[in-house]
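K.L.:
Read off the chains here:
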Amino acid sequence: MSAHLIFLVHGMGIHQEGWSKAVEQQLADQYHDLEWSQLYSWGEHFRPVEVRYDDAFEAIRTRWQRDSPAVVTMLREAGLAARATRKLERLRERLGTDGVLQTHVLDVLMYRFVTTVREAVKVSVARQIVDALAAAPAGSCWSVIAHSLGTAVTHDTLHALGAGQVDGAAAIRRAHLVVMLANVSRTLQQEAVKTYASRCCPALPGGDGMTAHYLNVRHGWDPIPARWPFSPHDQWPDADTRDAGRYLDVRLTRLSGVNPHGFDHHLRDPGCFVPLLRFLGSPGLIPEQEARALDKAFAREHPQGPRDALRRRLERMMPAPTGDWGQYLEVFRAYFGE
Amino acid sequence: MPTLANDCRNNPGRAYSAGRLLGLGLLLALAWLLPQPAQAMDCDTLVELARGTAPTETRLTAVNSAYRQGCLDHRVSAVPAADALDAMLHRDRFESVAGMRVAAADLARQVAAKAQERAQALEPPAGEWFAAMADGMRAAATGLTDAHQPGTGATAIDYWELHVEADGRWRLPATESDALPGDAVDTACETPGPDCDAAMDTLLDLLAQARAMERLVDVAVQRIKLAELQTRLTRYDRQWTAYFTEARSQMPWELAFNAWRFRANREQYCEPDGGFCAPPAHQWILLHPGIALEYLEGQPSGARVEEALTLEIIGFNRWSWGDDGGTGRAFGASIVATATDRAGTPVVGMGVMAHLNHRFSLGVTHRSGDTGVFLSYDFWRTSQRRAEELQARFAER
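From first to last, the protein sequence lines stand for chains C and H. Add 1378 to the 1-based position in the first sequence for this note's numbering, that's all there is to it. Add 87 to the 1-based position in the second sequence for this note's numbering, that's all there is to it.
Hints are computed from structural coordinates only; laboratory data are not their basis. Incorrect hints may have been included.
[Claimed, not checked] Computed from the model, here is a short list of chain C residues facing chain H with C-beta under 10 angstroms:
#1 1415
#2 1434
#3 1501
#4 1504
#5 1517
#6 1548
#7 1624
#8 1663
#9 1665
Ideal Cβ positions, reconstructed from N, Cα and C, are used throughout, including at glycine.
Throw the hints in and build the complete structure from the sequences for me.
P.N.:
In structure tokens form, the structure reads like this:
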């Protein structure tokens, strides 16, 4: 029986093996609550596959933690000013701890600015996708659900997977669906690969693009993807692909927790998981009436009035859409509480 | 008096049974209380639903589900389902990929013959869909045996793949129609009955043949390309892992510098058209710290060998890649400063050092007429504590 592999790609921070279990369970629970969940077998046909790439960042960070005491000492002995060595010492201490700035911001900075790290991550993620697909039965297809930094990783990896694509044919069959939650592919855009000109775009058969469908989901109160937000022009994707409904942009506004950037926070909202599951299965999988009922239930469960204070705090953190990197890093500090 | 603990130790069988019963009981209660996910329909049920009396939209959703999950594979006898097709066209059974593709082309022609029969037996539009598919299958058969790398046109997977668009339209390029399933189903299924059942059966046959071709093209073309990609990625992944974990560690500034050099010479390491990259087989060394055992000739006996901090001011390390993707033999050299806390000699000395296989380094330093030799092993891999102790000694001065 052919399978539909769903690759789950995490965002910034430490993600040990098994990190995706909570996400898989969330998706499985939402799927099994559907009236027509019997149409597909979750687990047999839809097969979530965990992708990890943070080991590259972790290996580098661990080495810095080990190696840095000696350099500070050496530079001081060599005559470096006391003030400078104090700054270096503070830097060393910060690199070595496990605070959010070290595990989150450093990942983002390393991925964006250190080409060798980025290429290693792309290869690792691509290999995990290709290995899983090669092991799946013939006729199997695949999709990706990516979150935060994982959206930039997915974007870059799909672009590379499509190298040499001719009339839509590449070394790997195109994805059925790419889901980008808290999409920072534009925020972390490279000079060499512009987001709206890359192959990470939906396409009709025979067209150049590494996915058949693209679902972009952004939470209106999430400051992380708000700098240089993913907001394509009207010709992305091309008119025929748009007319076919292959690209959907969803803006969530309801708060159901304190972390609107979270993977689970995005997936929890029917505004996200209804189109996601419809794209995975078919439009008929969730009839309109059921979709409206799910939406109403969610609204009842998460009244927005009591969340006003949280909303105001998030509003103050919002970066300017075209702000510089210094301002953007301040957003991380404010959001993650450092 | 026997306690439960004692009892467990002395009578493990009895305690196990009691515990086991309790555990089973709890599980049963939990299973009864918790809502269970609805059992997924098996293929027979899906096809029955498609051919039954449910609303048309539901039946079409069932058809799509049956199609996606491979429930229709058995309807095309010429092309075996799933693993059987893999086995039939396995690379090991043929002298070459070209030989395998000849066999695949033969299967495609068999399916084309069936499609042609259906085309002749059915009224438009269904007859036209099957006719277009038959043409596509024959084109695929030709394309599979083409000397040029197939994978486009009728030998492309997405040519045979069905997508249900957001507005409910079905798109199956091989039928050369954008009217699926509407024209065939709308009229026939205005009222339930034999006409509607026949329309659904026709759809099922159409999709079964498309699916058969999709799997054929997947095995004969796409998976060959995928395997080649997998080989390259496995090698690159191994090399990148070795670059960051086997080669000499890089401080942030070294990482930045070496990344800048990589970017400047990208075309040497990367596949064309924005493809994947392999790492360089070298690295620059800049202000890199370490520990060494230094022997200073001019020191009193018993104090000639001491630990010293090293700082490689600038250097270069290069290696060859092993067949397994790991780093092979590596050689490097650096200009180095060493710092050591000894009486009667300057703290800092300058010299050169040579590196072997990323781990071992041998160097010579000079400080005020005193020549030293030092040996460095990548102690950082084993002891961060030792480094901090050394640092503390300097801080006390």
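K.L.:
For every hint, state whether the structure bears it out.
P.N.:
Now the hints, each set against the structure:
no., hint, result
1, 1415, "5 angstroms, holds"
2, 1434, "7 angstroms, holds"
3, 1501, "5 angstroms, holds"
4, 1504, "5 angstroms, holds"
5, 1517, "4 angstroms, holds"
6, 1548, "8 angstroms, holds"
7, 1624, "7 angstroms, holds"
8, 1663, "7 angstroms, holds"
9, 1665, "8 angstroms, holds"
In summary, this structure violates none of the numbered hints.
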